[in-house]
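Keeping the supplied structure of chain B fixed, place chain W upon it in accordance with the hints.
Protein sequence lines, in the order shown, are assigned to chains B and W.
Taken in order, the first sequence gives residues 1 to 624; the numbers are from our numbering.
Taken in order, the second sequence gives residues 1 to 616; the numbers are from our numbering.
These are computed hints drawn from the structure, not numbers from a lab.
Since the structure is predicted, the reported quantities are computational estimates derived from the model, not experimental observations.
Be careful, since some hints might not be right.
To be verified - Where chain W lies over chain B, by a calculated footprint (3+ residues, C-beta under 8 Å): (1) 38-50; (2) 73-81; (3) 248-262.
Even glycine gets a Cβ: it sits at the ideal position worked out from N, Cα and C.
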Amino acid sequence: MGSHLSTIASVRRLYPYVRPAMPRLVGGLLSALGASLAALAIPRVLQALVEGPLAEGAAAHDLGALVVPVVLVLVLGVAEAGFVLLRRNLVMYPGTRIEAEMRMALFRHLQDLPVAFHDRWPGGQLLSRIMGDLGLLRRWLIFGLLQLVVSAVTIVVGVGILLATAGWLGLVYLAGAVPVTVIAFRFSRRYRVIARLSQDQSGDLATTVEESVHGIRVLKAFGRGRDALESFTGQAEELRQTEMRKAGNQATVTTSLQLIPEVTLAVCLVLGSVLAAQGQITLGDLVAFFLTAAVINGPVIDLGMTLSMTLNARTAVDRFCEVMETPNPLPDPADPVETGPVRGHVRLRDVSFRYEDSAVPVLDHVDLDLPVGTTTALVGLTGSGKSTLAMLVPRIFDVTGGEVLLDGHDVRTMRRHDVRRAVAVAFEDPTLFSASVRDNVLLGVPEDGPDAVPAEERERRLHEAVEVAQAGFVADLPQGVETRIGEEGLSLSGGQRQRLALARAIAARPAVLVLDDPLSALDVATEEAVTSRLREVLDGTTSLVIAHRPSTVALADRVAVLQDGRVTAVGTHRDLLATDAHYRHVISSLEQDWEDADHPDAVTEPDAEPETTAPQAQTEESER
Amino acid sequence: MSRPSAPTTPAPDGPRRPTDADADDATRLDRATSRAVRSRSMRLLGSMLRPRRKALALAGVLVVLSTLGQVAGPWLVSVAIDSAVPDLMDGDARTLTIVGSAYLVAAVAGGLCAGAYVRQAARIAQGVLLDLRRRVFRHTQLLSLEFHESYTSGRIISRQTSDLEALRELLDGGLTGVVSSLMLMIFTGVALFLVDPVSGLVLVVALVPAWLLTRWFQKHSQLFYRQQRTTSARLIVKFVETMTGMRAVQAFRRESTTEAEYHRLGEEYRDANLRIFSVNGRYQPGLVLIGNVAVAAALAVGGWRVYSGALDVGVLVAALLYVKRFFQPIQQLGMFYNSFQSATAALEKVSGLLAEEPTVVEPRRPVALPRARGTLRLQDVTFRYGDGPVVLPDLDLTIPAGQTVALVGTTGAGKSTLAKLVTRFYDASEGRVLLDGVDVRDLSTTDLRRAVVMVTQEAYLFSGSVRENIALGRPGASQEDIEAAARAVGAHEFIMDMPEGYDTDVNKRGGRVSSGQRQLLSFARAFLADPAVLVLDEATSSLDIPGERLVQHGLQTLLADRTAIIIAHRLSTVAIADRVLVMEHGRVVEDGTPADLAAGDGHYAALNAAWQDSLV
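If we strip away everything but chain B, and leave its shape as in the complex, we get (with noise of 0.2 Å):
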C-alpha cells in the first residue's frame, strides 16, 4: 500500500501547479463525461429503436417512429461532438501553462542553487528532467488525465447499465472485471519500477551526448571517437533492454485487458442467447447488452495504455519534486543586514572549508585580511584551494567554519545578490555567454532595476573595460561590440575570452574585484599592456588576484602565501622571494638561481623586512 500513499504524495506535489488551473480541468472533465454518456446515450436509443418501432412499427409502417429516434441519435451525436471539442478547448491552456510554469519553477530553482550542487548533477539528468519529464506530463495532462477518468467513469457508469438492465448477464460482465482489476494493479507496480529506471537511464544517455560534444576536442584529438561510439551504444543498449523489459510489461497487460473482457463476452453471448431464446430477456435487451459492451470495451483495452502513461507521469513529478525540492544550503537570510554602499573591506577570520564530499579540509583556518583600496595577490601550488578560497568571498561556495566578513559583516547575513554586487569575479575558465560582446562585458551592469545605470555611463565602462583588457580585438569582429559570440555565435580563441572576462569584472565597478588566474592565457606583450592598465584601475578597488606568475604578482601591493590550506606568509613580493623557501618555489622560474650561490643567505635571513610578517599579526595591522 505504499505505492498508494506516494501516489498520494505525488499528486500532492503536483497541485500547486495545478490549482490555478482547477476550474477548466474541471471544466474539461465535465465535457468529457458529457461525452461520454453521450456516446453511452446512443446504444440505449438503438435498444429503444430495435424493441419499439423495429419491431412493431415494421409493420404498421410508421415512418414516424423512425423519425424521432434519428433525430435523437444526431442530436446526441452532435452533443458528444460539442463536449469533446469543449474539452479539448478547455484543458489545452492548463496542460502546456502548467508544463510552463513548472519549467520555469524547475529553472529559477536551478540559477537559484548554489554550484556545488551543479557540480554533482550530471547535465543530461537535469536536461532530461526540464525537457523530457516535463513534455511527458503535458502530454499526460491533456490526454491522459481525462483519459483515465472518463474511462473509469465509463466503465463503472456502462457496468452499472449492464447491471441493471440485462441482469445476469451484467454479473457475468462484472465477474470478467475482477480479474482485469488485479491485473491492472500489479501491472502499475512493477511497471513503475522499470519506467523510472527507463527515465533514469535516458538521462544518463544525454549526460553522455552532452560530454560527447563538449568534449568533441579532445575525443577527435586522440581518435577516440569509436570508444566513445562504443560506450553509448553499451548504455543505448541497456536502455533498450530497459523498454524491452517495458514492452513485456504492457504485452500481458494488453492480452490481459483484451482477452478476459472478450472472453467474458463469449460467455455472455452463450448465455444471452440460451436467456433469450428461453423468454428471461428480450432480443433489445440482448443488443443493448452488446452495444453498450461495445463502448466499455473500447476504454477497457486502452486502460493498459493510460495506465502507463499515468505511471509515467508520475515517474516524471518525482523526478521533477527531487531537484525542485532539494533545499538551498546558501540562502538568503531571513532578516538580511542593509550594508548601504559598500566600502570592499574583506576579512576571512578562522575559515576553514570542506567540499561535501571529502574528509579533508581544502581551507584550514585561514585569516586574511584585505583593507580597502588595497591588491592582495594569492600564491600557491595548484591545488592549493586558491580558487576555493576566491569562491567563499562572492558567496559562491560558503564557509564551512570561520566567517568571511564584509565591512565587518557577514557574508551570510547579507543578501546573495547584495553580496555579488559589491565582489565582482573573472574566473579562470572564461565563460562567454550566446550575446553580443556588449551584453556579455556589460553582464554585471544592470540596465534596469534598483541599481540600473543609466546608457550613457554603461557605454562609458564598455568602452573602458575594453579598453584596460586590451580587447580592442572587439573592433575588428564583423559588427564590432554588437557582433555575437559565444556558443551560438563567433568561436573567441582562449586569449581572446579571458580579455573578456576580465573587461566584464572591470565593467561592474565593484568594490571588490576577484581575479582568478586572469592573464594566463595572454602573449607576453599583451599582458604587460593588460597589466599596466589594470594596475591604475585596481588602484581604490580592493581586489584580491590569483596569480601562478611574478608577471601577475605585480599587479599587487601585497602576497598573501597559500600552502596546504592555510596563509603562511602575508608581505610584499621583493620580500617573499627573498624569506621564504616556499613562495620561491611557487612562484620563481629563477629559483635555481636563488638557490645558487648567489643568495646563500636567503632563507635563512633571520629578520627580513617588517611587512613579512604572519597573518594574525596582519589581521591587527588591518584594524588601524
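For chain W alone, coordinates are given in the frame of chain B:
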C-alpha cells in the same frame, strides 16, 4: 536541404565560424524545400525499416489477426441474434455452440496476437531507435570541427535528445496505436460491406468530409510541429548554456535576465504546442461529429429498409455497431497522430544532421602508415575558414622527424591554424600537408590519430574516474603505464591526494579539479598516447610554475625522439625547442634556434627580452 553555404564572416584573428542564421531552424519552408525535407526524412525512415522487412511482416500478420479477433465480435453477435436464438427456440443448439466457440477462439487468439504484436512492435521500434541513436552519434563524431563550431553543441544535443525522444514516443506505443487503429478501421469497413453494403455506402459518403478534414489538419499542423521542434531546440540550447555557465550567471547576478530569456523561449515553445493542440482540438471533434452523423444516417437508411422488409434487424444492429466502431479508433488515432507528426518533424531535423557531409573526410583507399617517423611537410599550403580571407598564405615548411619546433607570434598570427592543419582538424584549402611523405588526407583516421596527437588549452574531462580520463590516451593501458604517465607530467601527487586516488570520480570533483590540474591530466593523456608527432596548443597556460617545471622535465624526455610543435606564449616552454618559428599574418618571419634568434635583433629577441623581465 543542405546546410546553407555559411556566410562566413571574416576572421581578424583566431578561428572563426559563421554567425549562423541557421536555415535548419526555419519553420516556414517553401513547397519544394518542404517536399525535399519530407523525402529526405522518409528515405531515412525507409533505410531503417528495410532491413527489418521480415519482422515488420510478422508484426503485420499479428496486428491483422488481433484486429480480426476484435472485428469478428459484432458479426458473431448478429449471427447469434438472427440465427442462433431462433434455432435455439426450435431446440437446435448447434448454431449457438458454433457461434459461441467461434467467439471464444476469436477472443483468445485476438488477445494473444495483440500481446505478441506489442512485443514485436517494441522489438522493431527499439531496434530502429538504437540504430538511429548510433548513427546520429557516430555521424556527429565524424563531422568536422568546422561543423561543430557553427551548428553549436546545444543544437546537436537537442537533435540527439529531444528529437530522438519524440521519435521514441511515436515508436513506443504511438506506432502500435496508429497501426492497430488503422487496421481496426479498415477491417471494420470491410466487415460492414460484407454484412450490409448499403450501410457501407453511407460510410463511404461520410469518409469524404473526413478526408477533407484530415487534409486540412495535416497542412496546418505540419508547420506547427516544425515550430515545436525548433523552439524546443532553442530552449535546450539556452538551458545547456545557462547550466554550463552557472558560476558566471550567479556571480554577475544574471539570474533574472536569464530567467526572462528562458521564459520568452519557453512561451514560444508553449505557443507552438498550443497551436498544435488547437488544430487538434478542432480536428478531433470534427471527426466525432462526422462519425455520429454517419451512425444516424445509417440508422435512418437501415431503419427504413427494415420497415420495407429489405433488412433483418440483426443485420442492422451489426451494421450500426460497425459504423460506430469505425469511428471509435479515430479518437485514439488523433492522439497518436500527434506523436506521429511530432516525430516526423523530429525526423526531418535528424535527417538534416545526418545529411551533413564531413568536410574532413576519411579516404576511400587509405595509405597504410602503421609506424610513422614523424616528418612533417607543408607544401604550398593556403588556408581560409570557409569563404573568409586567407589565414595562411602559401606556406612552405618542413619539420624533420624528431625536431621540436616552437611557434611564436601574436594572437591571430596563424599558429593554431597551422596546428589544426597538421592534426587534420581542418583540411588545407590549397596545397598539401604530408606526414612521412604521405598526404594526411590519404591516411585513415586510426593511423593519423595514432601518429599525431594534439593537446589544447581547454582540457576537457569526461565523467568517470581519473584513471579512465588518462586512459583515453591509450585505451587498455595498464595501471603502471597510467601511473607512469601521471608521474612524468607531475600529476601523480595531486591524484594521490584525492579521496580515492586514481579511482576518484572526476564528475564528483570535476568542478574542483583546477584548470592547472586538468591540463596536467590531459598532458598525461598525451604522454600515454605516445604519438610520433605531438602538437601542444597553449597546453601549459594554466600551469603554475612548479607544474610547468615538472612538465618541462617530462617534456624533455617525452619529446626526445619525436616531432613536436609547441605553441606557447610563455617562452619558458620555447626554451626546450630545437627551432623557433616566429609567425606573423600567417607567414613565418623568423626561423632559427632559440639561441640564435635571441641573439639577433628580430621579434623573438624583443619578446625574449620582455619575457626575461617578467620573470622576477
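(message) Run through the hints listed earlier and report the numbers of any the structure violates, in increasing order.
(response) Per hint list: zero violations.
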